[in-house]
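K.L.:
Chains as they are written, first to last, in our numbering: chain A, 1 to 376; chain B, 1 to 615.
These are calculated hints, taken from the structure and not from any lab test. A virtual CB, placed ideally from N, CA and C, is assigned to each residue, including glycine. Keep in mind that the hints are not guaranteed to be accurate.
Claimed, not checked - Estimated spans, in silico, between C-beta atoms of each pair:
(1) B/82 with A/86: 29 to 35 Å
(2) B/486 with A/350: 41 to 47 Å
(3) B/113 with A/161: 44 to 50 Å
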Amino acid sequence: MKIELRSEQLDPPSLIGDILRKLHIDVPLLAGLLMVTGLSFLVLYSASGQDIQVLVRQGARIGAAFVLMTVLAHINPYQFKRHSLLLYGMGVALLIAVLIMGEIGKGAQRWLDLGFFRFQPSEMLKITTPMMIAWYLSETALPPRWKQLGIAGLYILIPTLLIAKQPDLGTSILVASSGAAVIYFAGLSWKFIISVSIVLASLTPVIWHFMRDYQRDRVLTFLNPEADPMGRGYHIIQSKIAIGSGGLYGKGWQGSTQSQLDFLPESSTDFIFAVFAEEFGLIGCIVLLLIYLAIICRCLYIALQAQDTYCRLLAGSLSFTFFVYVFVNMGMVIGILPVVGVPLPLVSYGGTSMITLLAGFGILMSIHTHKKFLAS
Amino acid sequence: MSRSHTLKNTHEENRIFVRRAAIALIFIGLLSTGLIVRLIYLQIIGHDHYSTLANNNHIKIAPLPPTRGIIFDRKGRVLAENTPTFSLELIPEQIKDMDDTLARLQKLLEIPDEKIELFQKLRKREKRFTSIPLLLRMSEEEIARFATVRPYFPGVDIQARLVRNYPYDVLTSHVIGYVGRINEEELKSLPASEYRGSHHIGKAGIELAYETALHGKSGYAEIETNAQSRPISTIKTIDPIAGSNLYLSLDIDLQKTAYDALDIYNGAVVAIDIKTGGVLVFASRPGFDPNPFVYGIDSTSYNELQTSDARPMFNRALRGQYPPGSTIKPFMALAGLEHQAITPTQRKFCPGYFQLPNVKHKYRDWKKGGHGTIDMNAAIVQSCDVYFYELALALSIDKIHSFLTEFGFGEMSGIDLVGEKPGLLPSKQWKRKVRNQSWYPGETVITGIGQGYTQFTPLQLARGTATLANKGNVVNPHLVDHLVTNGVTSLPPAPEPKILPLKPQNVDTVTSAMVSVVHSARGTAKVISRGIDYQIAGKTGTAQVFTVKQDAKYNENQIDFKLRDHALFISFAPAHDPQIAVAVVVENGGHGGTVAAPIAGQVIRQYLEDKANEN
């Protein structure tokens, strides 16, 4: 009785609130997402050279992604848990299919052509990998033991390597970190984390050996962009100039000379943050970062409120991976990380990452809005 | 479902998670602070520095694309060149109403919708201040028509550009290939600094295989501009490095002779200079005009090329895989001699068919009554099937496979083109691996006359023949003779020379039988011996396209053209000092001696006469 009363008090007594609740939408999270996508439209308009077409297409994608989010929010998280293994298995099978088709076709292949649209299985793994690990670990007592760690590690390694082989370094990093985040939240011992970090650091030469030429190029460029100002280093140098010249207040909306005059390549996609920083300055950047952090905090709050281990681990991982997304993109644009192909979440032009991200938020909302009231 | 011996401790798990989330949040906070510190460094501390750089970005970098290398034939005739053409180009930045401008231009110059669409596509990819072509290769009339109204079209201008041109169009389409616009996928994998400003890339043939050499490297000019991006002065120029010129071993006259000689048929002719391995003729008919691909072929024409029954885009010389038929016989004979499965004088009886012990099936000879008792020379000259059925069986498929592989059959020749097909020289292992079946003796029998699974490309036939003519010195066919880069000549990489340990008298035996094919009264290719003062060694072949039933008769006049036999001919000349090896495949040509041999005869005659005139 008491509980019902409480929920009564929490509900905003408005029609919109009612509808949103029926739709299983989490209002604070939605607010954050709308703010970022709103900013995205502003920057895209400017970065694309005032191309309405770009906005229309992006709008359509965002619309579709929000629909997907709502649909997923409706599904009981128990269903996600039950189908984790199946979804993960399907994802890995599709990755293998893409790889085989790539072998048959020509060179790198990331897409599966379904006729009416092209589907990128590696995107799917960004969500199904943490699902799988969360499911696996939630079935056991935590913190995980060595054997479970080994198996969970294998579940992460399989899709990561398959995606790295495509080759898509950016996505494979995100998939690996989403899986690792689950293990971390499950209570991986600090000793282990530190020793793995040391081992990984000492494995650097081995990883270097397995990298493709163009990936090595990127790392070398990152270390010394001035070495090839007309070629590989061009992105980073131009990006830094754009950001630096923006100053504290920025040059104002549509005032970015760097991207307007097209010195900055890929200004609508991976490097859109540079345009943003040039036009809105340090203050704009901090505001954007704060909105991102607010979203992440809300997600972590959802994770803390979650009622079973599976939901908690999955929600924790999705929140953390979202931050990795933001950090890797901003880091590469401002020149503290090598250039890997990771878009700025919810802002960069392009559909695939938008769909996956909002699918993740849909799952978070599902976790938050399907709580059984166990407490008395 | 207890997966673990430890009981789940929900409280403990919860506690761990809360602690972990707190630490994660701290971690996130630290990294975010890191981002902000870096941003402060760039935007506050470095602001002046980067602002200066941004202003200096009024120093624009203009790409200077290199000139693509020219491709010559062996006598210095130009096969691929860069011709100046005039194109109508638009600078979006300077055009106020793009739709109106395009509509007016379309009306004035009758531009098809497709070109407008292509322009719109390019416009999205390019920068606003770059000049984007709308019409390439303007005619004189179009230029004149635009010139009069030019003042009404600000931002639209006529520009001279170098456009790739293939003067011999259909003749060289399968050798030179063509260049086309760089697509998005290619753009990603290309070295950006070397391709800055380049719009075209090799898509097929030599243009593709030698892309790196032909393209060269882009340079750039640093140009100071005013606020409206108008150039004021050039500060620094890094010159582009022009692409290398390629000199092919191909002889375009000979190529034309071969192509014309194929006449109404689809087929391929490959001729190789035996001494160097240089390819003299590499003809595949029908060809296609590569020039439209350079400036963007329209979809109707492209579909026509793709769907045409004659498959003009199909490189038959490189990728056509045909049963070699009787052209395999000289090699079978040589295998028999080398493996001592037979001697030249040993005679076999041909009753017109062959049967395996205890098997009813009759492997028929093409000659119904049989050839009677014959030796090797007669067996090759009259192309007796029964003789080679027996020889193949005596050799075994393993020996046939290993011997013919040495001549390059069933594997890629390594010619300097992309997309070569390996053909198929069957073996027990191959059948086990690919079909998961064991090998039957009957399959060895028909391999002896080049039927069954066996499939060679025209290029392989020419190469094998050249190697035979060269007495076992393996010939490695290649199209590019040498490259000239900035006046410096270099040679393309050559494979290690390889010599097959063949006994000279065995090679002589086979060669003289092949000479008899052309020069004796009963030879199957005697038509081409008329009026020449040198000797040609050759072998005809006829490859079945469909199988005739056991008791049915093959009647050329009664069956569909498409199902007619392929006609083949391999040859080299002069027989005792071999210079040129020629392989001809004529699809649905009927008998090798009638259709294929005369084509080879023509090529040989022209080449040798030409050579005699040179000296």
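K.L.:
Are residue 113 of chain B and residue 161 of chain A spaced within 44 to 50 Å by their CB atoms?
P.N.:
holds (47 Å)
K.L.:
Using the C-beta atoms of residue 486 of chain B and residue 350 of chain A, is the stated range 41 to 47 Å upheld?
P.N.:
For residue 486 of chain B and residue 350 of chain A the Cβ distance comes to about 43 Å; the hint holds.
K.L.:
Please test the hint of 29 to 35 Å on the beta carbon pair from residue 82 of chain B and residue 86 of chain A.
P.N.:
About 58 Å separates the Cβ atoms of residue 82 of chain B and residue 86 of chain A, which means 29 to 35 Å is violated.
Comparing the model with each numbered hint stated earlier shows that hint 1 is the single one that does not hold.
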